[in-house]
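Peer 1: One line per chain: the protein sequences are L and D, in this order. Under our numbering, the letters of the first sequence match residues 1 to 217, in that order. Under our numbering, the letters of the second sequence match residues 1 to 217, in that order.
No lab work stands behind these hints: they were computed from the structure. By construction, the Cβ of each residue, glycine as well, lies at the ideal position given by its N, Cα and C atoms. There may be inaccurate statements among the hints.
[Unchecked claim] Chain L is faced by these chain D residues, among others (derived, beta-carbon under 7 Å):
#1 Leu-46
#2 Pro-48
#3 Gln-65
#4 Leu-67
#5 Tyr-72
#6 Ile-87
#7 Ala-95
#8 Val-101
#9 Pro-106
#10 Leu-120
#11 Val-122
#12 Leu-145
Number of protein chains: 2
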Amino acid sequence: MKLYTYWRSQAAFRVRIALRLKGIETELEPIDILKGDQFSVAYRALNPEMVVPTLIDDDGTPLVQSLAILEYLDETYPEPPLLPRDIRARAHVRALAYTLVADAHPFVVPRVRKYLEQELHVDEPGRIKWMKHWMDEGLRAVEALLARDPRTGRFCYGEQPTIADICLAAHITSALAFPSYDMTPYPTARRIFDSCMKLDAFAQAHPLKQPDAPRAN
Amino acid sequence: MKLYTYWRSQAAFRVRIALRLKGIETELEPIDILKGDQFSVAYRALNPEMVVPTLIDDDGTPLVQSLAILEYLDETYPEPPLLPRDIRARAHVRALAYTLVADAHPFVVPRVRKYLEQELHVDEPGRIKWMKHWMDEGLRAVEALLARDPRTGRFCYGEQPTIADICLAAHITSALAFPSYDMTPYPTARRIFDSCMKLDAFAQAHPLKQPDAPRAN
Numbered sequence: 001m002k003l004y005t006y007w008r009s010q011a012a013f014r015v016r017i018a019l020r021l022k023g024i025e026t027e028l029e030p031i032d033i034l035k036g037d038q039f040s041v042a043y044r045a046l047n048p049e050m051v052v053p054t055l056i057d058d059d060g061t062p063l064v065q066s067l068a069i070l071e072y073l074d075e076t077y078p079e080p081p082l083l084p085r086d087i088r089a090r091a092h093v094r095a096l097a098y099t100l101v102a103d104a105h106p107f108v109v110p111r112v113r114k115y116l117e118q119e120l121h122v123d124e125p126g127r128i129k130w131m132k133h134w135m136d137e138g139l140r141a142v143e144a145l146l147a148r149d150p151r152t153g154r155f156c157y158g159e160q161p162t163i164a165d166i167c168l169a170a171h172i173t174s175a176l177a178f179p180s181y182d183m184t185p186y187p188t189a190r191r192i193f194d195s196c197m198k199l200d201a202f203a204q205a206h207p208l209k210q211p212d213a214p215r216a217n
Numbered sequence: 001m002k003l004y005t006y007w008r009s010q011a012a013f014r015v016r017i018a019l020r021l022k023g024i025e026t027e028l029e030p031i032d033i034l035k036g037d038q039f040s041v042a043y044r045a046l047n048p049e050m051v052v053p054t055l056i057d058d059d060g061t062p063l064v065q066s067l068a069i070l071e072y073l074d075e076t077y078p079e080p081p082l083l084p085r086d087i088r089a090r091a092h093v094r095a096l097a098y099t100l101v102a103d104a105h106p107f108v109v110p111r112v113r114k115y116l117e118q119e120l121h122v123d124e125p126g127r128i129k130w131m132k133h134w135m136d137e138g139l140r141a142v143e144a145l146l147a148r149d150p151r152t153g154r155f156c157y158g159e160q161p162t163i164a165d166i167c168l169a170a171h172i173t174s175a176l177a178f179p180s181y182d183m184t185p186y187p188t189a190r191r192i193f194d195s196c197m198k199l200d201a202f203a204q205a206h207p208l209k210q211p212d213a214p215r216a217n
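Please work from the sequences and hints to get the whole structure.
Peer 2: Structure, rendered in C-alpha cells:
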C-alpha cells in the first residue's frame, strides 16, 4: 500500500497508526499541505477533496477520509481489532472518535486557519485562541465520556487500543504542539494518551518521526 | 426508543431518517438549541458534549454522535441495510458521509456561528458567507466523488439509500434553507437528493415536519 501523508496532519497520523497496529507495510508519499501539493492535478484525481490522507490500495484504488480508511483496514485485516465486538461498545468507541474527528479537528486544519486569516482578518493570537477553544471543547466532552464510563481502562475501551485511542492520540499530539497547552482538566485523556504513546505503533507514527517533518538541529 | 432532537439540526435529521428507514418507533423529545436546553444538568448527564441528538435505547442507555448511532442501528437492526456488504463499497459510502459530516457540517452549527459573532465580531453577511463556503466545499468534494464513480446510481451507491444518502440529504436540506442557494454546480448530488426526498422515511423526517419546527401561518 501507499499512503499520501503530511507529517503534521492529524488525519494522516490516524491512518499511520492503524497501518502500524495492523502490521501493514506502507510506502509513505509526503504531500506538503502548506506548499499546496494537494492542489496538483495528479493528486486531485486521487482525492477530489484535495486533503490528506489518501491510501492507495494494492490494486491502485484510492481510499479517502481517515475514519473510512480505519474502518476499511479493520474489516480487511481483522487482527488486531480496532473496534470491540460488542455492538454497544462499538457505538461508544465510535462516538468518542467522532467527537474529536467531527467536532474538534475540523476547526484547526490549515484551510480553516487560512480562511480566518485571509477572509475574516483574524490575527495570529485570535487564530490560536480559536484553535485552542475547539480542541478544549473536544477534550472536555471526551474526558467526561471517559471519566464516567466503567469500560474505560488502560485505553479508551478496556486494555487494547481502538479507533478512539487513535483519534485521541492524534488530537492530543496536536494540542501539545501549542506551547503551554494545559492538559490538567483532562486527566483520563492524558493518562490514556501516555499509554498509547508507549506503543511502538503510535510512537513511530508520530508527526516528528516522519520523513517530511522539519529536522531538529 | 426515545430521541432527543432539534428540528433544524442536521445531525438529528440523520438519525430521524435512519430510525424511519429501519421502521423503529421512536418518541421524539425536542431540545431547543437556540434557547440553551442542551445545557441543563439533566441533558448534560445524557450527553456530556451538550449537543443533539441523543438516542435513548430501550434499556435507558444514552447513545451519542449521529454517525455512531447510524452504525449502531445498522448493526442492531440489519434490515434494510444502511451500508453495502462489499468492504470496498462500505469505505466509499463512509467516505462520502464523513466528507459532509466532518469537513462541512461542523462549520455551520449554532455554537460556531455564536463564536464567529461574539468572539470574532463577524457580522451576519460574513457568517452567511462562511457557512455557504463550507457547505460548497463539502458539496464540491462529494459531487466529484459521485460523478466519477460507476457505482453511483439512483442513490449515492446503487439503488438503495445508505448512510451517505442520509448525510447528503441532511446537508442539502440545510443548504437549501439559504435563500437562492445555487445547486447548479452539483447536479449529481441534487438528483440523488431528489430521489431521497421521494422516500417517506426522508420526507417525514424533514426539519419542517417536526413538532418543534416553527409553524407556517
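Peer 1: Taking the hints in turn, state whether each one holds.
Peer 2: Now the hints, each set against the structure:
no.: 1; hint: Leu-46; in the structure: violated, 11 Å
no.: 2; hint: Pro-48; in the structure: holds, 3 Å
no.: 3; hint: Gln-65; in the structure: holds, 4 Å
no.: 4; hint: Leu-67; in the structure: holds, 5 Å
no.: 5; hint: Tyr-72; in the structure: holds, 4 Å
no.: 6; hint: Ile-87; in the structure: holds, 5 Å
no.: 7; hint: Ala-95; in the structure: holds, 4 Å
no.: 8; hint: Val-101; in the structure: holds, 5 Å
no.: 9; hint: Pro-106; in the structure: holds, 4 Å
no.: 10; hint: Leu-120; in the structure: holds, 6 Å
no.: 11; hint: Val-122; in the structure: holds, 6 Å
no.: 12; hint: Leu-145; in the structure: holds, 6 Å
Hint 1 alone, counting from the list given before, is not met by this structure.
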